[in-house]
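Here's the letter readout for the chains.
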Amino acid sequence: MNTTAQILQKKKNTILETWMQHQLSDATLRDDLMTNDELLKQSEELLGSLLKALSSGNYENIYASEYEQVTDLLGDISIMRARQGFSPRETTLYVLSLKKALCDTLEEEYKDQPEVLYREVMQLNQLLDNLSLVTVETFIKGREEVILRQTDEISEISTPVIRVWDGILALPIIGTLDSARTQVVMENLLQEIVNTGSSIAILDISGVPAVDSLVAQHLIKTVSATRLMGAECIISGIRAEIAQTIVHLGIDLSNIKTKASLASALHLAFGMLNLEVRRNDRNKSTKLFN
Amino acid sequence: MIVMSKDTMQIVREQDVVPFRNRVREFSTKIGMSLVNQTKLITAASELVRNMLKYAGGGKVLLEIISKNTQTGVRLTFTDEGPGIADVQQAMRDGFSTGKSLGLGLPGTKRLVNEFDIKSIVGEGTTVTIIHWKNGR
Chain F
1 MNTTAQILQK KKNTILETWM QHQLSDATLR DDLMTNDELL KQSEELLGSL LKALSSGNYE
61 NIYASEYEQV TDLLGDISIM RARQGFSPRE TTLYVLSLKK ALCDTLEEEY KDQPEVLYRE
121 VMQLNQLLDN LSLVTVETFI KGREEVILRQ TDEISEISTP VIRVWDGILA LPIIGTLDSA
181 RTQVVMENLL QEIVNTGSSI AILDISGVPA VDSLVAQHLI KTVSATRLMG AECIISGIRA
241 EIAQTIVHLG IDLSNIKTKA SLASALHLAF GMLNLEVRRN DRNKSTKLFN
Chain E
1 MIVMSKDTMQ IVREQDVVPF RNRVREFSTK IGMSLVNQTK LITAASELVR NMLKYAGGGK
61 VLLEIISKNT QTGVRLTFTD EGPGIADVQQ AMRDGFSTGK SLGLGLPGTK RLVNEFDIKS
121 IVGEGTTVTI IHWKNGR
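Chains F and E, in that order, are what the protein sequence lines are.
For the first sequence, my numbering begins at 1 and goes up steadily by one.
For the second sequence, my numbering begins at 1 and goes up steadily by one.
No lab work stands behind these hints: they were computed from the structure.
If a hint is listed, it holds; no wrong ones were tucked in.
Computed spacing ranges between beta-carbons, pair by pair: (1) LYS100/E with GLU45/F: 56 to 62 angstroms; (2) LEU73/F with SER5/E: 48 to 54 angstroms; (3) GLN10/E with SER179/F: 19 to 25 angstroms.
The list that follows gives simulated cross-link-like pairs (lysine-lysine, DSS-like), each with its CA atoms no further than 25 angstroms apart: (4) LYS119/E with LYS100/E; (5) LYS221/F with LYS54/E; (6) LYS221/F with LYS100/E.
Keep in mind the model is a prediction, meaning the values are calculated, not measured.
Every residue, glycine too, gets a C-beta built ideally from N, C-alpha and C.
Generate coordinates for the entire structure from the input sequences, incorporating the hints supplied.
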């Protein structure tokens, strides 16, 4: 064990106190997200494991086994903070304020030996910079996990297949149709055709902001696949401006049944299935109860 | 011709298409373009930006609001450093595609907007400029 590590170990309580003071006096302290007691406990644990790691004499390689506990702890702390809604700045400052506390203590100890002080402070600096990098990395990873989960959720909820009538499926498409989305849409639709034995599928594109030739190509592919399964496909929700754009682009949708609204598509589907929706004759129904 | 405001956007991934389209929408709303003309311009922009991604692996787009003889409009300049187009006339024909697409991107775009210009040098890249005026004429 070298002397610096010994000194730091001895002064552990003072360091913790200064560190906590730095943190508590900082303007960015988020006591709304975390109580001071929790912060103290977290800080004490981290400092303890860091000092233990320092006593091995290793100041450079934070990926060595001695530092495993420290990096694990830091990782947990930053992932937790990412989820709690701390900003990256606040999370990094947590480690950087420890640096200040450690350097203050060393300055006190090595007052008469500037050379030693410089060397030790530089070493500590490098070590804590590395540790703060670990914090940032894991913080971003924590955020990314949140984003990935949301992406999955969005793609899952954005392609529902609804059974509107016996034998009629509706599929409202919201957002841009790219290759990946089309794949999901097609899979869901074909699977649902098999499951329900439906013979008509209505693709509603009211929620698609722009229909360019790629989107049209994806739509045509979906319609062809549906037809191969023996079901008929109606595309609804073609707005006036989209109709004009499709014509100018030169996309040929003439062999696909298209309608302006979901209601008229449903009407067409009823007609194809020889179904009729009628207003109830009130006189007749009241008679039944008499 | 006076350029009133401009902005450039880098397009490198498919995810850049949607923010880019929104930016085009913002520009065309700013000059008060009607919904039909907006949709035409956005669709044209979307075609060109997809071409850029597919054949040149990305590039950059210059968005400008321009004014000429009391007309205002949006000018978009798509620049890439891709392989270039060997036969521009052939590429402008309906139904021609070197990829497995409908082959409507370039000719369709030309029909959607008021002014269309394409310059391509094999091995150096392609520049496409489109202008759509506020009233669509």
